[in-house]
Amino acid sequence: MAEWRTLPWIVRGSSLCLLVFYAFAVASPWIAPYDPVRQYRDQPDCPPMALHWTSGSERQHGWLFAYPMKMVNPLARTFVEDHSRKTYIRFFYRGHLFTTESPDLPWFMFGSEGLGRDLFSRIVYGARVSMFIGVVGVLISFSLGLAVGTFSGYVGGTVDNLIMRWCEIEMSLPQFYFLLALAAVIPSGLSTTVTFFLIVAIMAFISWAGFARVIRGMAAAVRTTPFVEAGRALGASRIRQLRRHIVPSVLGFAAVNASLAIPGYIIGESSLSLLGLGIQEPAASWGNLLSQAMDPQNVLHYPWVLIPGIFIALAVMSFNFIGDYLRDRLDPAVIR
Amino acid sequence: MVKIRSRLCVVVLATAAFTACRVNRIQNDHSIAQTLYQGMGSDPGTFNPILVTDASSGMAIEDLFEGLVKINPKTTLPEPDLAQSWDISNGGRTITFHLRHDVRWSDGVGFSARDVLFTMRAIYDPRVPNSMISSLTVDGRPLEVEAPDDYTVVVKLPRPFAPLLYAIGVPIVPEHVLGKALATGQFNRTWGIDTRPDDLICLGPYRMQRYVPGQLLAFKRNPDYWMRDERGGRLPRLKGQVLMIATDRNAMYLRFISGLLDVYRPRAEEVWELQQKQGELHIKLQPTGVDTGSRFFAFNRNPRHYIHNGKMDPKYKWFTDINFMRALAHALDKRGIINLCYRGLAVPAIADISPADRIFHNPNLKDYEYDLKLAARILDEAGYRLLRPGVRGDPEGHPIVFELTTPTGNPTADQICAIYKQDLAALGIKVNYRPLEFISLVKKLDSTFDWDCVLIGFTGTIEPNNAANFLRSSGNLHIWNPREPHPATPWEAEIDRLLDAGTRVMDPYQRAPYYWRIQQILHDQLPIIETVREIGYVAYRDSLENFDETTWGVYKPEWIQFRH
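Top line first, the protein sequences correspond to chains A and B.
In case it helps, my numbering puts the first sequence at residues 1 to 336.
In case it helps, my numbering puts the second sequence at residues 337 to 900.
Calculated directly from the structure, the hints in this document are not laboratory data.
Beta carbons are placed, not taken as given, at the ideal position from N, Cα and C, and that holds for glycine.
Any given hint could be a false lead.
Claimed, not checked - Residues on chain B that point at chain A, a partial pick, calculated with CB under 10 angstroms:
1. N586
2. W608
3. R671
4. L676
5. R679
6. G680
7. L681
8. A761
9. R770
10. F774
11. V778
Said to hold, decoys possible - Restricting the straight-line Cα-Cα distance to at most 30 angstroms, the calculated cross-link-like pairs of lysine-lysine (DSS-like) are:
12. B:K757 <-> A:K70
13. B:K613 <-> A:K70
14. A:K86 <-> B:K709
15. B:K410 <-> B:K575
16. A:K70 <-> B:K709
What the hints assert, rightly or not - Computed list of chain A residues with no C-beta within reach of chain B, every gap over 12 angstroms:
17. R5
18. L64
19. V155
Produce the entire structure from the sequences given, and follow the hints as far as they go.
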């Protein structure tokens, strides 16, 4: 706990932020107040609703309530609070962290989107995609990059040369277009989970090469250091040298880079889904939620469609701040 | 200091971005130049009026060419155009058109009956693919067209054929320019979009002046145009027209708001804003009426699609089972679609012919009300029971799953599909939704037949027989089972018979019952499930005079002008 207090405030904030987002992802059915695909067809593009305190005998329903919104002008999509009814917010109710007494009278914390679905519930479910895509992607690409990089750097010679040229070929591919082309051939009818893993796999296989090159350089440098040579002189096997000497000495760098690479995946998935090539409706990801904001008319009239963008920005910044901090602490080259 | 500067810059940019949306109208000189600016969704594909199949090419050439007759969008009756009058004789089997003497092609050559004969020859030429031939065919035979002299055209029919006047108004093309190409089989390569504007020999109210691909099409007035107004003044009154090409609807809207376009047909979500800003933007906003076309879910009933390794796919049974289809019809929330996708500016579509066609629309059909409980009951009773919660199966126990597609790039269609998919999911029916590029979708519909369900829209026509290609069992666009060698079902055979019978009666009101019956059959048998029809709007500069648009088109477009 004492460690925690010594951390800069920005790192503490970022960690909390990520903790909340991962809680969204892990416990989405519990945290989301409503079914993320339920369409409240009489409340499309409903603005975020205000909360009010209850008083007197109403308290038995809970401390907070909201007035349901009624669409008064379907053409302009203007809503007014319907003061004849109240919908009470209850905590730890019907298997949700919080929700309204009746799911038929919803409280839209962040408003609703064009088909009348609760934006907050969709953001919570969207965190499953957006928060895990980075971690899974980084796991794939970094284990691949680490294995290939250390091996190539340690072995050297022709093998090293071949592997590195291959990496350069991969790095010279225009990444986003490559991603677009690959995403376009994902067949329809696959479940969201499968699509999700295909997208992660595609992104990971595009990005491992650059990392492998850096690791290879470090491994090649470490190979000639006295402590590795000493190990070799004492008769350590190649596997043992790799495992005990080479890999640990590049691991710090790898950890730092992993945390800095995660935002790339989040952004990548968002861009694909924004263009309709990633996670498909009705499943939610932060990227495809943001696609409603591509229409300037929507941004002008329903600014809450930008909220998913705030979540993307927060997640990306948090990973970057934590990554920066880790680099400062772990990378010996940085002078503090 | 640098920092503050850059911040200031950001603030300036941000305010500029926000005010850009309601910037005052740029002082333009459209009214001084008497030039009307309109928007167009995509580049034209051809300038050859016989080969036109897409809407943009149609828009590009519609003011360049004319037909023997034209349809008045207000009365929906045929009116004289290049033919100044016509007589019907021989019990409706002979129609004699008397052509105008005062019409000249833009190269100075006089227009005559030879051009009409040539145009008909081109349409019937098997080497010339065109969409007009089907409506100019009676009982599978072309019309007999003769020219006893230079200004008379006689059309002879094997039997009375009521739709003739609604089909004969095809754009006439000049024989002295294109005749050689048709003879040598080069016709399909003439008048592509790389043609020099001066080489497009035309006779309509305008001539093409300039085409800049991806940007604009400019037209100037035809000084020799034959039409005169009541006081003998020259028509058209505008000196020119420009069609601005913008593939992005938002870009088009912003161009209208900023005054670069004079006419704009807004989407439902833009109507409110335009209505509020009529005074500020100096525009007028008017409803034009209910959409003339229809947009529906069609289900593949083509047995050729469903045979895999000698076994019939169970989907064929579902889509030809009237109970299954009735349940699907009851699961379509038209009210919800109208609210969510059209902001209330639409009406439920019940009959296949739009209510805009006052004579032929059947007003007596009863809609399949949206009722998921009823739909579930119909399915249960027909043996489609829940296999497990959320998964329904057919009587043989196959879980019900099918593919739904629609052309890409249409957000409204995406939303309609999302709504339908959600309701079908509530019934335990799984729908895999995947929009497809228009070209590959057409290929599936027309040749590979590899599709289950499609949401697609057809344009409407005043004359219901012009939709015969869709209604007739042997038609190319008989979407659920195109080009049937024999009618596959008794009711398709009945539709074929009704189409034949309906064209033999000349009086529109006596013809109507045949087409009402066709709509009734489609409604009962449900090869297609109708969705909704949008209520159209048009917005235009208030300095435009005589601008009068109906759902069937602009009324008297030659009279339009800017106030002086």
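We went through each hint and held it up to the structure:
1. Proximity of N586 (chain B) to chain A holds as hinted, the smallest CB-CB distance being about 6 angstroms (cut-off 10 angstroms).
2. Hint status for W608 (chain B): holds, given a least beta-carbon distance of 4 angstroms to chain A, under 10 angstroms.
3. Hint status for R671 (chain B) relative to chain A: holds, with the closest Cβ pair at about 8 angstroms, below 10 angstroms.
4. Residue-level restraint check for L676 (chain B) holds (minimum Cβ-Cβ distance to chain A is 5 angstroms; threshold 10 angstroms).
5. At its closest, the beta carbon of R679 (chain B) sits 5 angstroms from a beta carbon of chain A; the interface hint therefore holds under the 10 angstroms criterion.
6. About 4 angstroms separates the beta-carbon of G680 (chain B) from the nearest beta-carbon of chain A, less than 10 angstroms, and the hint is met.
7. Interface restraint check: L681 (chain B) against chain A, minimum CB-CB distance 7 angstroms, threshold 10 angstroms, status holds.
8. A hinted interface residue such as A761 (chain B) counts as satisfied when its beta carbon comes closer than 10 angstroms to some beta carbon of chain A; here the least separation is about 8 angstroms, so the hint holds.
9. Given the 10 angstroms rule on beta carbons, the hint for R770 (chain B) holds: about 4 angstroms separates it from the nearest Cβ of chain A.
10. Hint on F774 (chain B) is violated. Least Cβ distance to chain A is approximately 16 angstroms, over the 10 angstroms limit.
11. With a least beta-carbon distance of about 18 angstroms to chain A, the hint placing V778 (chain B) at the interface is violated under the 10 angstroms criterion.
12. At most 30 angstroms may separate the alpha-carbon atoms for a hinted pair to count; K757 (chain B) and K70 (chain A) meet this at roughly 25 angstroms.
13. Taking the CA atoms of K613 (chain B) and K70 (chain A), the gap is about 25 angstroms. The hint holds against a cut of 30 angstroms.
14. Restraint check for K86 (chain A) and K709 (chain B): satisfied, since their Cα atoms lie roughly 28 angstroms apart, inside the 30 angstroms limit.
15. For the given pair, K410 (chain B) sits about 25 angstroms from K575 (chain B) by alpha-carbon distance, which is consistent with the 30 angstroms threshold.
16. Note on K70 (chain A) and K709 (chain B): the hinted pairing holds, with a Cα-Cα distance of about 26 angstroms set against a maximum of 30 angstroms.
17. The beta carbon of R5 (chain A) sits about 33 angstroms from the closest Cβ of chain B, which is more than 12 angstroms, so the claim that it is off the interface holds.
18. Listed as outside the interface, L64 (chain A) is consistent with that label: its C-beta sits roughly 29 angstroms from the nearest C-beta of chain B, beyond the 12 angstroms cut-off.
19. Its beta-carbon lying about 46 angstroms from the closest one in chain B, V155 (chain A) satisfies the requirement of being farther than 12 angstroms from that chain.
When the structure is compared with the earlier hints, violations turn up for hints 10 and 11 and for no others.
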